[in-house]
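Those sequence lines, one after another, are chains L and Y. Numbering-wise, the first sequence is residues 124 to 341 according to our numbering. Numbering-wise, the second sequence is residues 99 to 722 according to our numbering.
Don't read these hints as lab results, they were simulated from the structure. One thing to keep in mind: the hints can contain errors.
With a straight-line cut-off of 25 Å between C-alpha atoms, the simulated PhoX-like cross-links for lysine-lysine are [said to hold, decoys possible]:
no., chain 1, residue 1, chain 2, residue 2
1, Y, Lys321, Y, Lys286
2, Y, Lys113, L, Lys269
3, Y, Lys103, L, Lys324
4, Y, Lys113, L, Lys268
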Amino acid sequence: MRSIRVTLAKKGRAKYLSHLDMQRCMMRAVRRAGIELWYTEGFNPHPYVTFALPLPLGVESEGEPVEIRLEGDATNEDVFRALSAVMPEGIEVVSVQDSTAKPNEIAFAQYQIVLQNAPGLADAIRQALASGDLPAEKLGKAGRKKALKQINCCDLIGSAAVEETNGAVEINAVLAAGSQQNLSPLLLLDALSAKTGEELKCLSVMRKGLLKSDYKKF
Amino acid sequence: MLSKKVEDVLLSVQKPGRYTGGELNSVMKDKSKVDIRYAFCFPDTYEVGMSHLGIKILYSLVNAREDAWCERVFAPWADMEEKMRENGIPLYALESGDAIADFDIIGFTLQYEMSYTAVLNMLDLAGLPVRSSERTALAPLVIAGGPCVCNGEPMAEFIDLMLPGEGEEVTNDLIDLLKEHKKKGSSKQEFLRAAAQIPGVYVPSLYDVTYNADGTVQRITPKDGAPERVTKRIVSDLDHVFFPADFIVPSIEIIHDRAVAEVFRGCIRGCRFCQAGYIYRPIREKHADVVNRDCKAICDSTGYDEVSLCSLSTSDYTELEPLLNAMLDWTEQERVNIALPSQRADRFSAELTQRLSSVRRSGLTFAPEAGTQRLRDVINKNITEDEILRACRQAFEAGWTSVKLYFMLGLPTETDEDIVAIAQMAQKVVDEFYHNPNKPKGKSVSVNISVAPFVPKPFTPFQWAAQNSKEELLRKQQLLISSFTSKKISLSRHDTDVSFLEGVLARGDRRLSAVIETAWRRGCKLDSWSEFFSIDTWLESFAACGFDPAFYANRVREVEEMLPWDHLDYGVTKAHLAREYQKAREGVTTPHCRVHCAGCGANKLNGGECDALYKSYARQKGQS
Ligand code: SF4
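Whole structure, please, built from the sequences with the hints as guidance.
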């Protein structure tokens with residue numbers, strides 16, 4: 124058995140797929156590709172095909188890592204070719220490498236958020252981000268149940284730059300990501316909208332990559 | 099491709115994946131290079147429609163033609179409908195994103211009566227008048243197929259043309275004809291008159307219906323050269339009929355998300371309440387090697403890890419054992435699960451059972467349908483209490499702890515004794531569990547009884563019978579509940595109001611089009627979903643149009659009465675149905691088709707051939 128990391132781009136119509144949809148879709152792609160999978164032992168054997176970090180519905184991505192455990196002697200190059208041939212529209216295999224890092228090493232995700240411009244919007248967003256106080260409500264775990272809890276988005280922003288580019292406002296942000304702390308770019312937008320009092324018209328949100336706690340690429 | 103307007107609303111609705119298209123194996127074509135654009139519409143949600151085998155077959159069949167492009171359309175959920183109406187988004191096809199009002203054919207499949215208002219709502223969302231007479235241009239032509247068109251009369255005012263029977267061949271004939279008439283620049287009337295000459299095409303507007311003073315049908319008169327009777331089309335040779343090698347793989351979760359292959363059409367059983375058992379005759383089997391090839395091709399092209407075999411009663415397939423053996427040779431290797439109904443598993447050899455035990459089985463279910471042997475004889479349901487108890491015992495020994503039993507309430511000749519017997523049978527199943535010496539420690543049994551009101555359907559021996567009133571059904575449900583003697587027994591029941599409306603529409607005539615339109619205008623649009631179903635709106639609509647729904651549902655019809663579907667020929671003769679109706683009332687059973695051909699008449703559709711006859715003949719010969 125060996126572990127590989129398949130990196131997928133998810134663009135266009137595929138952004139409307141949820142995390143669960145993506146998992147199912149990937150399982151089937153791997154089967155179509157005829158890749159020999161490793162299975163767990165026991166009564167109900169199952170393969171290991173796991174996304175490192177869920178991607179919120181509506182967000183595109185340039186690189187989503189998926190860990191897959193293989194049997195047999197297929198090379199990374201073989202897997203790349205076989206998988207590339209069977210992916211559905213909007214999901215593309217970017218690379219196949221040996222798997223080295225573990226998902227729990229993920230600390231941040233980089234996002235590019237593009238909003239339709241409006242007079243004074245960029246400044247209003249800059250101010251809101253600099254205020255240090257961006258309250259939002261998040262569905263989180265409270266013991267065994269789920270409950271809404273209050274968070275301050277600013278605590279979960281690594282960095283954020285706001286730029287005006289032809290008719291659009293672009294936010295490039297590094298947000299906390301992973302199983303410990305996580306800030307969805309969509310939640311950040313809600314918080315910004317509430318704070319600035321502007322109705323933000325989002326043109327696109329793209330996850331550019333995942334980072335470890337030392338800001339190195341995951 | 100999604101339009102900007104659609105993209106703008108998608109993130110504000112639930113499950114946007116329903117509306118995006120772009121799934122694996124969906125077919126894209128260059129619209130400038132096709133002659134006919136076909137919008138295949140399923141009048142229910144994406145998840146329901148995409149689970150249906152017929153849509154997969156027709157979709158691939160039409161797309162196999164270079165000159166036509168078939169795309170899919172489903173009913174939007176209420177949140178999306180609201181956004182569409184608000185933003186001026188017309189109903190569009192998932193592949194191209196183009197408005198279906200610009201297509202050549204809009205084809206609905208009518209799988210159940212409760213989807214009728216969804217058809218109207220979809221036409222309206224497309225920006226089209228719902229009434230056939232108000233759509234005067236040749237395109238788009240609105241057509242319908244599916245089991246409900248065996249009596250599509252209540253939809254007669256909305257649908258230009260119906261296809262009773264199997265769609266594979268007639269769809270191609272129809273596309274050819276439409277292509278020709280489109281080139282010629284024919285009017286809609288000219289085309290419909292010509293289409294009525296194709297065997298298996300029914301054009302409702304070419305028939306005049308008159309009524310007697312008592313409201314029953316007096317006469318159905320064809321005009322403009324339309325045939326006296328329209329005979330359903332069937333495919334004669336299933337081994338060579340088109341079957342897709344790939345299925346669209348939905349990106350979001352749907353109801354039945356797996357590979358499906360068909361093993362045979364028709365049913366040998368002859369249960370007297372079952373419409374499917376009659377309207378799909380004669381019996382035609384597919385050879386095991388063909389089915390096996392279909393299954394393998396679909397699994398390869400989709401990546402599905404489950405395959406199911408589709409027919410009305412798969413355990414009656416004569417080549418089931420060789421098929422399963424052939425399938426297991428690759429499914430084990432590729433870790434594909436074969437979904438099999440658990441009944442009659444005792445028919446398999448020990449070796450096959452051993453191999454099958456490695457695959458997951460769907461839940462343990464039985465359908466005795468009636469509580470006493472007497473009533474089971476009336477409905478010709480060929481299963482005894484002993485058989486059920488024996489199968490339960492075997493299942494309990496194998497570790498099962500729950501069983502589901504299906505029954506109907508309100509069957510013809512039913513008495514209270516029959517209902518109490520349902521509870522008694524459930525108790526016997528519970529007792530079987532506790533008599534099992536090896537029962538799993540600390541586990542208890544659960545027996546779920548599901549009761550559905552009996553709905554008489556056209557082309558069955560009970561097409562003349564009365565449906566029980568709501569009051570009667572509720573009384574019977576209460577009687578059943580009060581007869582339960584164990585906490586291990588639970589009950590699920592169908593909504594009696596839904597069954598009532600289903601019964602009215604199933605045996606309705608074309609005057610009910612007005613009621614359907616009224617109900618839709620008053621807000622009915624997804625009646626198969628309890629969140630949207632409103633019996634009050636329906637009853638008000640009947641009243642507003644001056645019709646009594648009980649006339650259609652709760653009245654006993656005389657065998658001599660002219661029925662609204664008498665001008666359609668589904669193979670099985672009215673004389674055979676009447677004979678079976680009489681035998682039912684006498685409590686006399688009819689053996690299944692492999693024991694003895696009951697002479698239903700359906701074999702005439704296939705040049706006198708019926709696989710049930712042939713196979714029973716072959717078997718007799720083998721035995722002698
Ligand atoms: S023709 Fe005979 S054997 Fe065939 S379905 Fe009819 S009754 Fe059964």
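Checked hints:
A threshold of 25 Å between alpha carbons decides the hint, and for lysine 321 (chain Y) with lysine 286 (chain Y) the separation of about 16 Å falls inside it, so the pair holds. For the hint pairing lysine 113 (chain Y) with lysine 269 (chain L), the CA-to-CA distance comes to about 21 Å; that is within 25 Å, so the pair holds. With a C-alpha separation of about 13 Å, the suggested pair lysine 103 (chain Y) and lysine 324 (chain L) falls inside the 25 Å cut-off, and the hint holds. Distance check on the hinted pair: lysine 113 (chain Y) and lysine 268 (chain L) sit about 24 Å apart at the alpha-carbon level, within 25 Å; holds.
Consistency with the previously given hints is maintained throughout, with no hint failing.
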